[in-house]
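Peer 1: Chain residues, written in single-letter form:
Number of protein chains: 2
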Amino acid sequence: MIKTVLFDMNETLLDLTPLKEAFGRYFQDKHVVKYWFSKLLHSSTVIGGLNDYVDFGKLSEAALESVFIENDKELTEDIKTDILGTFKHLPAYDDVFEALERLKEAEIKIIPVTNSSNEMLEAQLAHSGLKDLVDTYYSVDAVERFKPFKNMYQFVLEKEALEADETVLVATHDWDLYGAKKEGLVTAYIKRKKDQYNPYYLKPDLKETHLVRLIEEIIQYK
Amino acid sequence: MIKTVLFDMNETLLDLTPLKEAFGRYFQDKHVVKYWFSKLLHSSTVIGGLNDYVDFGKLSEAALESVFIENDKELTEDIKTDILGTFKHLPAYDDVFEALERLKEAEIKIIPVTNSSNEMLEAQLAHSGLKDLVDTYYSVDAVERFKPFKNMYQFVLEKEALEADETVLVATHDWDLYGAKKEGLVTAYIKRKKDQYNPYYLKPDLKETHLVRLIEEIIQYK
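Just so you know, the protein sequences line up as chains A and B, in that order.
Going letter by letter, the first sequence gives residues -4 to 217 in my numbering.
Going letter by letter, the second sequence gives residues -4 to 217 in my numbering.
Simulated pairs of lysine-lysine, DSS-like, Cα-Cα distance not exceeding 25 Å: (1) A:Lys68 / B:Lys25; (2) A:Lys186 / B:Lys68; (3) A:Lys177 / B:Lys53; (4) A:Lys198 / B:Lys53; (5) B:Lys15 / B:Lys68; (6) B:Lys68 / A:Lys188; (7) A:Lys186 / A:Lys198; (8) B:Lys53 / A:Lys202; (9) A:Lys189 / B:Lys15; (10) A:Lys99 / A:Lys154; (11) A:Lys217 / A:Lys186; (12) B:Lys188 / A:Lys25; (13) A:Lys202 / A:Lys99; (14) A:Lys68 / A:Lys25.
FYI, nobody ran anything at the bench for these hints, they're computed from the structure.
In isolation and in its complexed conformation, chain A is listed as follows:
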């Protein structure tokens, strides 16, 4: 039986559409935002893998600087703010509120866990209206190691006195679920976009395209 749900934030609970729109104001190629995000994730994984830590916002900025240089475009402070500022104002996906309500009814704890800094996480929870709906929340600032490295999953389990097999991670990122699965957590994939779950990563225990359906399966799990 699942007693706690950990939720990834960016792209899992929060819709990145404003970020995509911001990139669209400076680039016509629709893959630029994907390239930037993938470059950012690669850098966070490299840094975590080499046992270092840097604020995710700083890494976002460094990746953005490179993308502008690669395209011979000037990145002004205004543009930086226009693009990266969207992160603080991302709306929750439509299915999130009902999903969290169902968890509350079922008396299952709700804990967002994110690679973003604690400051960003607080801002995101406040702006999206999710803050009052969660039990607590953690940024990787607490362990200074990005997901999908084990430090974060282990920290939350210890801090909240959770058993791994009674805890599920809900995420739209296969690499995040892969890391959590390695630590024995139950994993639930919410498919937010058309792509392929990496066939070489550990498979999720559950998979859905609508968060309320996924939550129903989590409530009934085992």
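On the provided structure of chain A, position chain B as indicated by the hints.
Peer 2: Frame of chain A; chain B shown alone:
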């Protein structure tokens, strides 16, 4: 004094232009190839970070499958071969032959080290005409852990009985140099394209845009 030079292969010694041209046959958006490569690197780093290993070619294929799915395009076996087959036939950059010759004259050992499989590495060395110019070569197949994790750098040092401070890694990838630097190797960045060296990675000891100039600096180093 530097006694051995380790060379990264893809994009460092070998020119990825044929790969970019192949993507151009299926996508108009010039960022697709960058997105795909970044996605591939992210997956190799995630897998290495979680202590697993998969052939780099298989990861290349998985990333390609996702990119086609994301674009509602059908990926036939012919297209797969057309794109990924270019990897085996990449030419060396113009400055490579003279650079390797200078190292030979200076009696410095030349050792390619790559994330590609051993089979791919052999094919690349043969097709590019570099095979007879190198002393030996290693794929991460030997350690089953991708660069930039320490296993590969440590393996080559031990296997070849090299001192870290007499060994330099030449690469165009900041993340590779960062990993090598962490293990105490000297690092030399060959800038092959316009982008930003990640400001949060350890800086390289040397940096040049032409390989022969970089090699001259390596020969005179310390």
